[in-house]
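*Asks:* Spelled out from the first residue to the last, the chains are:
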Amino acid sequence: MRQTIVEKILSRNLGSDVHAGDEALFTPDYITSYDYPGYIDSYENQLLNELGITHVRHPERFVLFIDHFNPAGSSQFRNVHLKTRNFAKNFGMKLYEDRGIGHQVLAEEGYVVPGELIVHFDGHVSTLGAFGCYALSMRNSIIEAYATEQVMAVVPTSIRIELEGKLDKGVGGRDVFHHLLKELGPAGCLGSVVEYGGEGLANLALDMRLTICNLSMFLGANSSIMETDDEVDAFLSGRAKHTYTRVFPDEDANYVKVVELDLGSVEPTLAAPPSSANIIPIRDVEGMPVHVGYLGSCASGRMTDFEHAYEILQGRPVANEFRFYGVPTSTEIQAKLAKTGLMEKLIASRVCMYYPSCDFCYGQLGVLADGEVALSTATLNVPGRMGNTKANIYLASAYTLAASALTGKITDPRKMY
Amino acid sequence: MLKDIQGRVAWVFEEENYDIDLIVGIDNIKITDIEKLKAVCMTDYDSNFPNDVKTGDILVGGRNFGYGHPHFPSFKALRALGIAAVFAESFSPGFYKGEIGNGFPLIECPGILNAAKRWDNLSFDWDTETVVINKQVSLKCHKIPQRSRDLIEFGGLIPYLKEKRLKVPPSERGLG
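Sequence order for the protein chains is L and D. Counting in this note's numbering, the first sequence runs from 2 upward without gaps. Counting in this note's numbering, the second sequence runs from 700 upward without gaps.
Be aware that a few hints might be false.
Claimed, not checked - Cut-off 30 Å, straight-line C-alpha distance, at most; resulting in silico cross-link-like pairs (DSSO-like, lysine-lysine):
1) D:K842 x L:K258
2) D:K702 x L:K90
3) D:K775 x L:K84
4) L:K183 x L:K416
5) D:K729 x L:K391
6) D:K863 x D:K702
7) D:K866 x L:K95
8) D:K753 x D:K729
9) D:K842 x D:K775
10) D:K834 x D:K816
11) D:K861 x L:K90
Note that these hints are calculated values from the structure, not bench results. Just so you know, these numbers come straight off a predicted model, no measurement behind them.
Please work from the sequences and hints to get the whole structure.
*Replies:* Right, dumping it as structure tokens:
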């Protein structure tokens, strides 16, 4: 029987052929987590005190990140960081701190290559599917991976997205995802891996692919995965810790459905409150006042996103009384922004350029006032997400954010060239 | 042995893509005190809910139940009130993984939304994976993964790992 990409990855992992619906014990290439109260500290407690496990067999398979509450605004959170540092040290696990958001840094450090199985508790680990690996969120079941270095899982079904054409100016990766979500609905890929390929994939910058994969949970999906190409090879060159081969499905692999998407038909859209699934065309809210902008998070905040923002800003300052937070996803991106001069240009346009951190995304920094409206390129717009249930968050591309920042109102970026 | 599920339908969530944070309400999502959580649980839907439910009651949901960005407090509150299982058309993967990890039965049952109404009596047979409503209507459920059955039987991740997974030496489970 012919196989999808995820069936191939899991077959190789297991050492024997599996297909959708099969349940088996798989061995992740990497087990990763970020520090957050109630997560790594709980795993440490469960390992030591409930399971009596004081060491892991393959510490090199574990990679931990301090990227939330960073820099810590109170000693309460810093104490959690130090506990995690200590746990990593005692178990011999690699820990990255002050390097940016884990989902990005894991790739920058070369851990992620096509064909791997990577597990995390967090759903946005699906971002890494853009590198042709199967990145699986386990929620609190990640303790299973910490304790046994294996995971019992059912091989998921796949839905194939066949991309063709190319995006118009002013249309970003976020718009591609919104287009799919509008077409398929929030249960449109329920339980399946969303597998992207086709000739159009080469027309999407890697950073845009990361955005598309990041958001897969909002399609009800298990994860996302993409075919790999020259652009992925170029990124991994000089970084990859392992040799790899590109991933493709077999020609007549079995899909729940195949969806064709012409990138040329994608238009700017927003996710309106209260849900990431509430997709509206930009014309529905054009002219609506907005007060705060946030470009960042694991869903965005990469070089391409800042380049898109500057393509619109072009040295013009953002509107009076509009706050625009620019948060690079990693220090590597931050350094590149500085080196290319883009950082200086963004600052000249009055973008508040910040240090890589997850904290703007979930209301730890840059919180909203009552009644404020934010436009964000980040992950979620549920009430309270940016620290205030009485504020509204709209999600959009970096293009739409930059265009709206210039006018202080929701503005179609295609009108700003 | 998997415990029998037999109880009244305490609520039917008819919404597709239901956001479970609404069970305690977004404003209460940061409450950690279990008594306070119980007191606000489902009161946006029925102010008497915390008093009317009893141990063993179950919930019924629609398609993609648990969609969005679910937090723990809602199901902590429901479990503390005695809710014993959720039967839904289907579950959002992230929510499913989280709650199954607690050993809480989540069972996908196509047709349940149209078949069940509030306060119906519902029972579930683990062997045939069949739901019976008011001893009249019988519905076949989706196959339950073995891991989910084990997690429910052992009562959550830690006992499951202790009893089922860690007793097998690494060499015998293919871990080099």
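*Asks:* All hints, please: hold or fail.
*Replies:* Here is how each hint holds up against the structure:
no. : hint            : result
1   : D:K842 x L:K258 : 21 Å, holds
2   : D:K702 x L:K90  : 42 Å, violated
3   : D:K775 x L:K84  : 26 Å, holds
4   : L:K183 x L:K416 : 23 Å, holds
5   : D:K729 x L:K391 : 15 Å, holds
6   : D:K863 x D:K702 : 18 Å, holds
7   : D:K866 x L:K95  : 28 Å, holds
8   : D:K753 x D:K729 : 25 Å, holds
9   : D:K842 x D:K775 : 26 Å, holds
10  : D:K834 x D:K816 : 14 Å, holds
11  : D:K861 x L:K90  : 25 Å, holds
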